[in-house]
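Asker: Protein chains in written order, with my numbering: chain A, 1 to 544; chain B, 1 to 544.
Hints in this document: simulated from the structure, not taken from any laboratory. Do not rely on the hints blindly, as some may be mistaken.
[Claimed, not checked] Computed, partial: chain B to chain A, Cβ under 8 Å: (1) F69; (2) I111; (3) L112; (4) I157; (5) Y411; (6) S433.
Note that beta-carbon positions come from the ideal geometry of N, C-alpha and C, so glycine has one too.
2 protein chains.
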Amino acid sequence: MAENGFRISKTPVWKKLKEHAEEMKKPEYHLKHLVQQKGRLANFSLKNVDFFYDFSRQRVTEKTMDLLFELADTADVHRKYRAMAEGQKVNVTENRAALHTAARSFSSQSILMDGKNVMGEIDAVRRQIRAFSEKVHNGTLRGSTGKVFRHIVVIGIGGSYLGTEFVANALFAFADKGMELHFLSNVDSHNFETIKTKIDPESTLCIVISKSFTTVETMANAMQMKAYLSSCGLDAMKHCVTVTSKGSPGDKGEESGIETFHMFDFIGGRFSVTSAVGGVPLSLYLGYDRFDRFLEGAREVDIHTKYAPSPENIPLVSALIGIWNNNFLGYQAQAVIPYASPLSKLAPHIQQLNMESNGKSVTINNYDLDNSSGVIIFGEPGTNAQHSFFQLAHQGHPFPIDFIGVVSPQYPEGRCRPHGVSNHQELWANLISQATALAVGKDAEEKTRFFQGNRPSSTILLNDLSPANVGRLLAYYEAQTVYKAFIWDINPFDQFGVELGKTIANDLRKEIVSRNTNDGHNFKHMDEITRFYLERLFAGKLPE
Amino acid sequence: MAENGFRISKTPVWKKLKEHAEEMKKPEYHLKHLVQQKGRLANFSLKNVDFFYDFSRQRVTEKTMDLLFELADTADVHRKYRAMAEGQKVNVTENRAALHTAARSFSSQSILMDGKNVMGEIDAVRRQIRAFSEKVHNGTLRGSTGKVFRHIVVIGIGGSYLGTEFVANALFAFADKGMELHFLSNVDSHNFETIKTKIDPESTLCIVISKSFTTVETMANAMQMKAYLSSCGLDAMKHCVTVTSKGSPGDKGEESGIETFHMFDFIGGRFSVTSAVGGVPLSLYLGYDRFDRFLEGAREVDIHTKYAPSPENIPLVSALIGIWNNNFLGYQAQAVIPYASPLSKLAPHIQQLNMESNGKSVTINNYDLDNSSGVIIFGEPGTNAQHSFFQLAHQGHPFPIDFIGVVSPQYPEGRCRPHGVSNHQELWANLISQATALAVGKDAEEKTRFFQGNRPSSTILLNDLSPANVGRLLAYYEAQTVYKAFIWDINPFDQFGVELGKTIANDLRKEIVSRNTNDGHNFKHMDEITRFYLERLFAGKLPE
Numbered sequence: 001m002a003e004n005g006f007r008i009s010k011t012p013v014w015k016k017l018k019e020h021a022e023e024m025k026k027p028e029y030h031l032k033h034l035v036q037q038k039g040r041l042a043n044f045s046l047k048n049v050d051f052f053y054d055f056s057r058q059r060v061t062e063k064t065m066d067l068l069f070e071l072a073d074t075a076d077v078h079r080k081y082r083a084m085a086e087g088q089k090v091n092v093t094e095n096r097a098a099l100h101t102a103a104r105s106f107s108s109q110s111i112l113m114d115g116k117n118v119m120g121e122i123d124a125v126r127r128q129i130r131a132f133s134e135k136v137h138n139g140t141l142r143g144s145t146g147k148v149f150r151h152i153v154v155i156g157i158g159g160s161y162l163g164t165e166f167v168a169n170a171l172f173a174f175a176d177k178g179m180e181l182h183f184l185s186n187v188d189s190h191n192f193e194t195i196k197t198k199i200d201p202e203s204t205l206c207i208v209i210s211k212s213f214t215t216v217e218t219m220a221n222a223m224q225m226k227a228y229l230s231s232c233g234l235d236a237m238k239h240c241v242t243v244t245s246k247g248s249p250g251d252k253g254e255e256s257g258i259e260t261f262h263m264f265d266f267i268g269g270r271f272s273v274t275s276a277v278g279g280v281p282l283s284l285y286l287g288y289d290r291f292d293r294f295l296e297g298a299r300e301v302d303i304h305t306k307y308a309p310s311p312e313n314i315p316l317v318s319a320l321i322g323i324w325n326n327n328f329l330g331y332q333a334q335a336v337i338p339y340a341s342p343l344s345k346l347a348p349h350i351q352q353l354n355m356e357s358n359g360k361s362v363t364i365n366n367y368d369l370d371n372s373s374g375v376i377i378f379g380e381p382g383t384n385a386q387h388s389f390f391q392l393a394h395q396g397h398p399f400p401i402d403f404i405g406v407v408s409p410q411y412p413e414g415r416c417r418p419h420g421v422s423n424h425q426e427l428w429a430n431l432i433s434q435a436t437a438l439a440v441g442k443d444a445e446e447k448t449r450f451f452q453g454n455r456p457s458s459t460i461l462l463n464d465l466s467p468a469n470v471g472r473l474l475a476y477y478e479a480q481t482v483y484k485a486f487i488w489d490i491n492p493f494d495q496f497g498v499e500l501g502k503t504i505a506n507d508l509r510k511e512i513v514s515r516n517t518n519d520g521h522n523f524k525h526m527d528e529i530t531r532f533y534l535e536r537l538f539a540g541k542l543p544e
Numbered sequence: 001m002a003e004n005g006f007r008i009s010k011t012p013v014w015k016k017l018k019e020h021a022e023e024m025k026k027p028e029y030h031l032k033h034l035v036q037q038k039g040r041l042a043n044f045s046l047k048n049v050d051f052f053y054d055f056s057r058q059r060v061t062e063k064t065m066d067l068l069f070e071l072a073d074t075a076d077v078h079r080k081y082r083a084m085a086e087g088q089k090v091n092v093t094e095n096r097a098a099l100h101t102a103a104r105s106f107s108s109q110s111i112l113m114d115g116k117n118v119m120g121e122i123d124a125v126r127r128q129i130r131a132f133s134e135k136v137h138n139g140t141l142r143g144s145t146g147k148v149f150r151h152i153v154v155i156g157i158g159g160s161y162l163g164t165e166f167v168a169n170a171l172f173a174f175a176d177k178g179m180e181l182h183f184l185s186n187v188d189s190h191n192f193e194t195i196k197t198k199i200d201p202e203s204t205l206c207i208v209i210s211k212s213f214t215t216v217e218t219m220a221n222a223m224q225m226k227a228y229l230s231s232c233g234l235d236a237m238k239h240c241v242t243v244t245s246k247g248s249p250g251d252k253g254e255e256s257g258i259e260t261f262h263m264f265d266f267i268g269g270r271f272s273v274t275s276a277v278g279g280v281p282l283s284l285y286l287g288y289d290r291f292d293r294f295l296e297g298a299r300e301v302d303i304h305t306k307y308a309p310s311p312e313n314i315p316l317v318s319a320l321i322g323i324w325n326n327n328f329l330g331y332q333a334q335a336v337i338p339y340a341s342p343l344s345k346l347a348p349h350i351q352q353l354n355m356e357s358n359g360k361s362v363t364i365n366n367y368d369l370d371n372s373s374g375v376i377i378f379g380e381p382g383t384n385a386q387h388s389f390f391q392l393a394h395q396g397h398p399f400p401i402d403f404i405g406v407v408s409p410q411y412p413e414g415r416c417r418p419h420g421v422s423n424h425q426e427l428w429a430n431l432i433s434q435a436t437a438l439a440v441g442k443d444a445e446e447k448t449r450f451f452q453g454n455r456p457s458s459t460i461l462l463n464d465l466s467p468a469n470v471g472r473l474l475a476y477y478e479a480q481t482v483y484k485a486f487i488w489d490i491n492p493f494d495q496f497g498v499e500l501g502k503t504i505a506n507d508l509r510k511e512i513v514s515r516n517t518n519d520g521h522n523f524k525h526m527d528e529i530t531r532f533y534l535e536r537l538f539a540g541k542l543p544e
C-alpha cells in the first residue's frame, strides 16, 4: 500500500475528510450542540486500565471518526506500528530500528533485530542500573573523598535530559533518597555557573549522557565540570559515570568514569526516557523500584497500543484527532495543559517529542509532503495558564488543548477550605469549567463579553501521579507521536533538520579558533552580517 | 481618525500590504537573496543606547517598511502611545489609565490622571519598598521567633508572579542577599507541598499579591500558607506582607500583615513588574539598588519609545514586523529564543504579556475584528531549543523567531576550551548560525537534507545581563505589545476572555460545597459530561 509515490493527501479518504471538514463548519456542528447529544461522553471517550481519554469536546461526529479510521487503514498504521515494535528498521534514512518499546518489555519473548534478540542487552543494562543505584543509596559507592553522593548532575542536552526532567518533576513527591537533581544541558556558561552555586563537589555524581559522546554542548559541559571537580582537589573521574553507545569515546578507559551504561542506536534520544538515559538518573533520584514501576506503566500502554483495534486504541484515536485538527480544521498549534503542578515539564518534553519527530517535509519514500506535518506544541500547568495566555484561547486565535486531570493528589489534602472547597477541588472546578467554556462559549450583547466557543479540547484523566501512571502518560504521548507520523507517512525517528545549523556552526567555530590563536585574524572574508556578530563577540560590546 | 467603525483591515494601506505580501512570495525575495544586499544589516537594524535590534533577516524590503510606517501612521500609534503614557483612560472598557511607564518615571514632571499627579503615590511606594527591604537585609525586621528572613514566598498568580520570576531568574547572579525565592501560584496543592519541603518556616516571609485581594487561587494559597505557619507555632501575620490596592480586604487590619504596599488600578497585572508587584520581591532578592537600576533601564526604553520617530523606534518597528509576519505572511506563532540560560523565564512572561493583551476579537470601538490579532508565543533558551523543537523550524512548519544574544556573560569565562573555543563562544557560534541557516537554507539532491530557508528571524543584542539591560528588555517587549494593539486598534489592557471560565467555576464550586456539606447531594441535574467529572472527583478514582 504505502509504496513509492504514496501520499496520504492524494487518497480518496483524505478528499472525503476535506469535504467533511467543510460540512463540520456549519453552525449545527458547533460544539455547544455536539456536547448535548445523549451519550456524547460515553461514545467519545475511551478507557484502558488507569488511563481515561475524553474526546467528547473535539469537533468530531461518528462520521468524522469513521473517516479517520478509514484514513488509519489507508495509511496502514497497525502494520507500521507492529513493524516498529518488532524490530524492523523503520528508521530508513539511518537504517535503524526504533525499539523504545523494548526498553520496557518484561516478557520472555525475544525481540529480534538483525536476527539477534535485543532483550539480553536491555536486561543487562537494567540489572546494572539497579546494582549501581543500590550501591550509591547504601553508601557502598561514594565520592573520591568518602562522602556519600547527594547531588546528581545530568550532563546532556535535548533527548538526553528533557524526558528525565519531566519524570523527575512529576515524581518529586517520591524522591526520598536524599538526592538533588540538576540538569546541565545548555552550553551557555550560566547554566554551569548556576549549578556550581548549588552543589557540594565532594558529594556530586555527574552522569554524562551522549549516544555518540561527541555532542558539542555535552562534551564542553563535561569538560568544564571535570575541570571544576579537579580544581576542588577531587579525582573527577570518581565522580562521573557515562551513558553512551558501546564503543563510543565515552565507553573506553579514562573517559568512562566509574561505570558506563550502554544506550543503543535503536532507541532515539527523544524516545529514550525508559532506557539508561532516564534509568540511571531516575533510579538514583527515586530508587530503582520506582523506575521499574514507571516502566511497567509504559509497558501496559505499549501493549494496548499494539493490540487494540482502531476505535479502542487511545493513542491512535488521539493521533487521528490531532491530524483532523491540524490538516482539516486548520489549527497549527496544540497546547498541553496539565492541571497538576508536578507535570510542569510535560509540555517541554512533548514539545521535543512531537516537533522533532514530526516536523518533516518529505515522506518516508522521499516525496515532498504537500500537507503540513507537525504542529507547534506549548503549554503550562493550569490554573496558571488561565491567568496567562487563555485570553487568546477564549477570544483570540483558537488552538486545541489537551487537558490533563489527576483524580487524587500525591499529598494528603490540607483541611483549609477557603471557599468551602479544598485546593484540589478548586483545581478541578477550573479544569472542568475551562473545557466547557471553550466548547460552549456564551452569547452576549456586549461584544467584549461574547465568547464564540467551538474551541476543541481533549481531557486525559489519571487516577494519581504514581510512577506507573507517569509511565502511562509518557508512553501514550510517544505512541501518539509515532501514529501521527505513520499516518502522514513520514519518518519520525530522524532529525536532519538540525544538521545545517551544526554545519554552519562548525565553520564559525573554526573562525573563532583562528582568532583565539591569532589576534591578527579578521573576519573581512565573511558576509557582512556574520562579520558583525563575530566582531561584537570579540569586542565584548555593542558598537558605540 | 480611529473613530467609530474604523477597522485597520479596511484601510487602503492594509490592502497595499496584502498585495505587497503576494509580491514578496516571489523567489527573488527569498531571504537568501535579501541578506546579500549590500548594507543590508546597516539598513535593517537599529540601536538605542545598549539595545541592538537586527531585522535584516526578516522578509522585508524598504518598500515593506515604508508601507508598514504608513500603516503605523494610519493607526495613529504615536498619539495613542502618548495618550497612554500621559495618563488618559486608554483602557476604555474598564475606564482606567494604563500607566506602567509611570512606575519607572524619575523625572520631576507630573503625570496627571483625573487631574491628580500620580507620581506622589508611586514615589511613596518606592521609598517604602527601599526602607522595608533594608530592614529585612540588615536584620532589623525578623520573623516572629527572631530569625532573619531567608526565604521569600511570592503568593500570586499570572501577572502577580510571571514577570518577577523572569527578572529574578535573569539576575540570579546578583542575588547576594542570602535569600531564596519561591513562587506559590498554582491552586494545585502540589505547588504548596513542594515549597513546604524547601523552606524553613521561621525564616520565611510571604508576599501576598493580588490587586483585588479576591483572586481565588491566591486567597486559597495564602490561607493554606498562614495555616501552615500557625501550625508551626508561629505568628503567621508577622511573616506576611501584602501588595494590593488601597482599600482592598488585604489593605486592612489583620489581613495586611507586617506591611501593605499599594498597587494601582492604572497598572495592569501583566504590566506590573516595575510596580510594587515586582518591586517588593525583587528588592528583597537583589537589593533595592539593583531594582532601581532595573527601573532605570526600563525608563530609558520608555523615553525612546515615546519620542523616536517611526523608522528609528525599535519597539514600533518590531511590532510592525510582527503584524507583517502574522497578518500578511500568515505565520500564527512567534518563538522567543534567548541564547542565555538566565532568560529561561522570558518566554513564559512574554507569552502572558502578548497573548493576554492581544488575543482579542473586537476593536476598541467594539467592532468585530476581521483580521487575526495575537499570536502564540513560546520558547526555550538556545542551544537547548536547537536540540528540542528546531527540527520543525528548519524543515517543518516555519515560525518567526526572536533570537536574543548577550555579548558578555555574567560570570567570568572558564579557561576550558574543549574545541578551541570557550563555552560562551560556542554559544555565539550557534546563535549566529541558526539565524543564517533558517534564512538561507540549503539545496541538496537528497530531499531529507534539503532546507527551504526563507524563515524569518530578528536578533536582539544586549551588552550584558545587568539589571538595567533586563529592564530594557522588559520595557521593549511591553512597548512592542502595546504598539501591536494600537495598530490593530484593540484594547490591550482588559481580559474579558478569562471571565466565562471563572463564572462556570463559580457555579461548580457551589455544587462542590453542597456535596462537601451534604453527602446526599448528587449531580444528576448537571449535564452528563460535567456530572461525570464531579462524580470522579468525589469517588477519588476512575470508573472500573
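Asker: Does each hint fit the structure? Answer for all of them.
Answerer: Now the hints, each set against the structure:
Using the Cβ-Cβ criterion of 8 Å, the hint placing F69(B) at the interface with chain A is not satisfied: the shortest such distance is roughly 23 Å. Evaluation of the I111(B) hint against chain A yields a violated restraint, the C-beta minimum of about 27 Å exceeding 8 Å. Among the interface hints, the one on L112(B) is violated; its C-beta lies about 27 Å from the nearest C-beta in chain A, farther than the 8 Å criterion. With its C-beta approaching chain A no nearer than about 5 Å, I157(B) sits inside the 8 Å limit, and its interface hint holds.
Proximity of Y411(B) to chain A holds as hinted, the smallest CB-CB distance being about 4 Å (cut-off 8 Å). Using the Cβ-Cβ criterion of 8 Å, the hint placing S433(B) at the interface with chain A is satisfied: the shortest such distance is roughly 4 Å.
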